[in-house]
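Trainee: Spelled out, the chains give:
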Amino acid sequence: MDTLINLAHGFGTVFQPLNLLFLFVGLVLGLLVAVLPGLTLVMGVVLALPFTYGMGVIPAVILLTAMYVSGTYGGAFTSILFRIPGEPIDVPLLWDGYPMARAGEPALALGWTLFAALAGGLVAAIAMVFLSGPVAVIALSLSTPEYFAVILLGLSSVVALGGSSLPKALISLALGLLFSSVGTDPTYGELRFDFGIPMLSDGIEYLLVMVGAYGLGEVLTRMEQRSKSVSVSSVGDIRTKLPSLSALMDVKSSLFRGSFVGFLVGVIPGAGATIASFVSYGLESQYGKRRRQLGTGIPEGIVAPQSAATASVGGAMVPLLTMGIPGSGATAIIMAAFMLQGVQPGPHVFFKSGDIVYAVFASVFVGVIGMCLIGYFAIKLLVRVLAFPEAITSAFVVMFCFMGAMASRSTVGDLWVIVSFGILGYLFERFRFPIAPMVLGAILGPLAETSFMTTMISFSNDWTVFFTRPVSGAIMALVVLALIYPTISDWMARRRQARRVQRT
Amino acid sequence: MMILDIVRRAAPFMMVLGVGVWLWTVANDFAISTTLGRAGPDLWPKIILVLLIGAALWGVLEAALKSRSDDDTSILITNATRSAGHEEDARKDLEGDAADGEKRPVFAMLGIASMLGYVAVIPYLGFIVSTFLLLLAIMTFAGYEKRLRAALIAAIGAFVFFIVFQRLVYVSLPMGAGPFRDLTLALMALLGVR
Numbered sequence: 000m001d002t003l004i005n006l007a008h009g010f011g012t013v014f015q016p017l018n019l020l021f022l023f024v025g026l027v028l029g030l031l032v033a034v035l036p037g038l039t040l041v042m043g044v045v046l047a048l049p050f051t052y053g054m055g056v057i058p059a060v061i062l063l064t065a066m067y068v069s070g071t072y073g074g075a076f077t078s079i080l081f082r083i084p085g086e087p088i089d090v091p092l093l094w095d096g097y098p099m100a101r102a103g104e105p106a107l108a109l110g111w112t113l114f115a116a117l118a119g120g121l122v123a124a125i126a127m128v129f130l131s132g133p134v135a136v137i138a139l140s141l142s143t144p145e146y147f148a149v150i151l152l153g154l155s156s157v158v159a160l161g162g163s164s165l166p167k168a169l170i171s172l173a174l175g176l177l178f179s180s181v182g183t184d185p186t187y188g189e190l191r192f193d194f195g196i197p198m199l200s201d202g203i204e205y206l207l208v209m210v211g212a213y214g215l216g217e218v219l220t221r222m223e224q225r226s227k228s229v230s231v232s233s234v235g236d237i238r239t240k241l242p243s244l245s246a247l248m249d250v251k252s253s254l255f256r257g258s259f260v261g262f263l264v265g266v267i268p269g270a271g272a273t274i275a276s277f278v279s280y281g282l283e284s285q286y287g288k289r290r291r292q293l294g295t296g297i298p299e300g301i302v303a304p305q306s307a308a309t310a311s312v313g314g315a316m317v318p319l320l321t322m323g324i325p326g327s328g329a330t331a332i333i334m335a336a337f338m339l340q341g342v343q344p345g346p347h348v349f350f351k352s353g354d355i356v357y358a359v360f361a362s363v364f365v366g367v368i369g370m371c372l373i374g375y376f377a378i379k380l381l382v383r384v385l386a387f388p389e390a391i392t393s394a395f396v397v398m399f400c401f402m403g404a405m406a407s408r409s410t411v412g413d414l415w416v417i418v419s420f421g422i423l424g425y426l427f428e429r430f431r432f433p434i435a436p437m438v439l440g441a442i443l444g445p446l447a448e449t450s451f452m453t454t455m456i457s458f459s460n461d462w463t464v465f466f467t468r469p470v471s472g473a474i475m476a477l478v479v480l481a482l483i484y485p486t487i488s489d490w491m492a493r494r495r496q497a498r499r500v501q502r503t
Numbered sequence: 000m001m002i003l004d005i006v007r008r009a010a011p012f013m014m015v016l017g018v019g020v021w022l023w024t025v026a027n028d029f030a031i032s033t034t035l036g037r038a039g040p041d042l043w044p045k046i047i048l049v050l051l052i053g054a055a056l057w058g059v060l061e062a063a064l065k066s067r068s069d070d071d072t073s074i075l076i077t078n079a080t081r082s083a084g085h086e087e088d089a090r091k092d093l094e095g096d097a098a099d100g101e102k103r104p105v106f107a108m109l110g111i112a113s114m115l116g117y118v119a120v121i122p123y124l125g126f127i128v129s130t131f132l133l134l135l136a137i138m139t140f141a142g143y144e145k146r147l148r149a150a151l152i153a154a155i156g157a158f159v160f161f162i163v164f165q166r167l168v169y170v171s172l173p174m175g176a177g178p179f180r181d182l183t184l185a186l187m188a189l190l191g192v193r
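Residue numbers (numbering that gives the first Met the number 0), protein chains in the order written: chain A, 0 to 503; chain B, 0 to 193.
Hints were generated in silico from the structure; no laboratory data involved.
Heads up, some of the hints might be wrong.
[What the hints assert, rightly or not] Keeping only pairs whose Cα atoms sit at most 35 Å apart, straight-line, the calculated DSBU-like set for lysine-lysine is: (1) A/LYS240 <-> B/LYS91; (2) B/LYS91 <-> B/LYS45; (3) A/LYS379 <-> B/LYS102.
[Said to hold, decoys possible] Examples of chain B residues lying across from chain A (beta carbon under 7 Å, computed): (4) PHE29; (5) LYS102; (6) ALA107; (7) ILE111; (8) GLY142; (9) PHE160; (10) VAL168.
Where a beta carbon is used, it is the ideal one built from N, C-alpha and C, also for glycine.
Next up, chain B with everything else stripped away, as it sits in the complex (with noise of 0.2 Å):
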């Protein structure tokens, strides 16, 4: 048990140590590179790195030695609280709906899906029906629970959405393939966009 709690706070530095030290090897293939006497463009980079895999070896280290998690509130925020004798409090406060409720990553997984699912099909479905899919998919997996509304409001908002980049940001939206194609530049004409 407790090895396997040392393994869960290491992992994400050893992930971090495994990044910095294949990082190094890429900084190492540059084609100009940092010689006696000579800074090259290697150098910054590699003093990074450098941080970074220290960084990380210290966290896997105190994951190893340490028996708790280190509180992340800021020194001089532990240090007031403690002198008001709010310290834990500030600590409950702080941590707000984090500490309420359980968590359920299962909704952020979903999250994720949804928003790479958008940038992988915007350039097939188009920008309006996209936007409208994406705001409908958010606010479901976020805890709405009023259907019909949603799906109004996720309408209303990809039409706002299309009008502003259209009319006052002036960026050219992805206008899909096939019928949506139809759809976008229907869209267009209606708002007089060429």
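Just chain A, same shape as in the assembly (with noise of 0.2 Å):
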């Protein structure tokens, strides 16, 4: 009863114009990142962090979270008229939804996706709700042994699930954690890493590691690919046709299966939208009551991404607001955005400032709702979007990230900072190495090296105390076994290959 009122506060807070104001702003832009060629949703939430400073925290959440609310939605159209996916998550629309729309059914494969949102976005915000009060309990009871190892399953899991090379996600980690380890060190008051640089004593900041690498980096990439531009001429006739109650009735099996995996696969750090729909999908071409007949256009290859897809925010937000976990760039933003505000988000927050996490809980509500109405009545002006030339959109990107950098401290130091990060952004694409373990190891870093520390000094510096106490201990086994997950997922792909070829 406790959270229903609590929820309904929530939902009052939302509905104060400025904070509706913000989730619209925030809705429009994220449908819009996800569309324009050259910039991506972390990316897009990454460019609107730095506007946050003068915000309260409320509206600064808000504002992220519907970016990343409707940023997993806008990428479908341009996914399903032009074959073009807006994101990663949207390729699997490519499968069903773009032979839906070349079979003359546009305006019903635009409706199967909005459906699916709409409902896979809802039935996870429900599950948020409900679920986050007991893991936040749970959250509450742990001591530094057990949080440290948390936090050790956040950054392990984001590692194995990356991305199939191991040792470069490691790589990308370690980085991370080291960016965060520089300048005067929380116990001892030690200066590290500094190497006689002033500005270097401060530290790093997070929110350059951040934007440097999602924003220049991209750019920079964007830069070397030089892509063409798209033409949209035939937008004249594009309008979405919602489907029919029977035939609502008769996808309800992919979609509940859509959203339920898109939750679990969204609490899962590491394994965000993208993973979602694709696994979703997988499973949908297994259990399917129409399984054969995926990839030929059928509602189900629609609807069973596009609902796991949304459903994964609501899972994602989870581990954020109840342990302070970010599970992907887009939620590591969000969390960056409570940081810059002095919210540190986990159990403490959740039920000292109800107010906050139920105005985000609401956000979601609302703007899945919202983004769906956005895309229902502007799909035309959204997907026009697609013909803005990439050069002009990366020029702004640079000159937003460095506004970002400029906004913090106001010195022109940190431009050389965040150039540094802009390049080695870059050269992480170019060599394939994953930059989402780097962000989450420099947001997570002080975080994780706070409770070793504290523990290592509470239990006479043992660190077999992490291992013997039962909670730590079992989520450390789980750390090994996420750790070790991809190799021998491989290992078995491989021989079942192996032996089919034989067979044959």
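Two chains, two frames, a set of hints: combine them into the complex.
Mentor: So, in structure tokens, the structure goes:
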């Protein structure tokens, strides 16, 4: 009952004119970045972050959450209509959404996407509200060894699920953690890795790591690829046609499976909307009623990935708001928005500042409905954005990144730092190192170090405590499992393939 | 040819390895350090450095022993697309532009040079002129071919950013030196900023 009352208060907060305005702006921006060539969802959320400096914590988080929610939906338009996925999230939509559009039903394909995003987003939002309380209660009972183990589990699953090259992901994570250790040590006050440069003695702001690596790095990568501009001459006829009620009933199992899988995948750190969308499509191909027809343009092939992608947002909010563990690039930026306002998300904030948490919850509900309304009525305008020259977007993205750097401490010195991270981000893309572990390492590094050092001091430097206490020991076992899972899974798949080849 | 390929794949890991070892020596020189029975400020960075060096060594070994580069797709995506029979499609679609056209690193280098140049000249040329030049340079190197329109967009963009910084974000911007300082002051007067 308390949960529902708190949620009602949350809705009250979201419906305040200023918060509602930021929610609307966030939804439009999220849809735009998902469509605009040269911009990605995470990049868009990063670029919006500096604008939240002067806001309160609630409007700031509402703005970014709205961007995150609608960013999982906007790319569907271009995937279905032009076979151009706005984000990797939208790739599975190419396999049934685009064929349905080619078969003369583009409006219906867009209608299925809208329905899936709406239903998946709302189902996950309900699950998020009711699951968060119990998770926060558990999180509150954790002491420092357990908390360190939880952070480690979050970081290791990001490493394990981000990509299949484990050494590259580990290097990315280690670099992020190292960047966070630059400056004055929190326990002893000792200067570390400052190399006599005064600016480094204050540490490296995680904001610069994020904006540089995601923003400037991506621009440099796109400059190297020199993408071509897209023609959207046939925009005139675009509209959305909602499916009939009987057709909706036919896909209800795909919808529930997609929403459930999306939510669950969202909860796991490291596995965001993209993985949710692919896994849901994969499950549909195994357990769906019409699995043999997948790939020919059937609604299940649209509903499964889209419902999972939007549902993953609700899932990702659970570890962020209850434990302070962001599981993806976008949630890492939302966490950064909290921290810039002096709020450290986690169980204490969950119980002591429920107004903030429930406002975020309510913003997910309102955001899901709002994005569908905007998507329905403004689809022609949104799709036209696809023709905007990428070169102009790139130039302005660079300036927005610099603006973010200058606005944080007003020093030109920070510009050198951000450009350095931009170059590093570019090199990461060039040599196929994942960026997300580095960003998460930079954000969670201080938290991980503090809980590690506190444990060491409290338990007389006995490191075995992480393994001998039942809860932290169990979580550590999961850490090991997360790290060996990709290797074992890959090995098993190869064995299966070899057997198949032998048989034939 | 094969050795060259191994060296090419191992090079980034070798570089990381070198950086890791160097940082280890730096961590050894911290004034307070870990001693028997007491964790010092070097303990946490050294644990991370062990991870970094270990991962770099693993990468070098993998480059030397494996005949192919790993596919960078998440294992969950690989498994899902494999079961759906879309493994190859997914790889192509996820690669997107990167798979379509040839890579031209020279434009990325020009982009880097523009950004570094911007930071270097901004104290002398001031915000407005430097920003105009940066916007123009990025648009040009990113492939925008309408030069006059690019210059116009860069000029409007620089002015808009100047207004945003001065009137909305309230950040003090580099004013430049000599005539560039006069230009900045004139614009500030125009906007009513003291």
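Trainee: If you test the structure against every hint from before, which numbers come out violated?
Mentor: Hint check: 2 fails alone, others pass.
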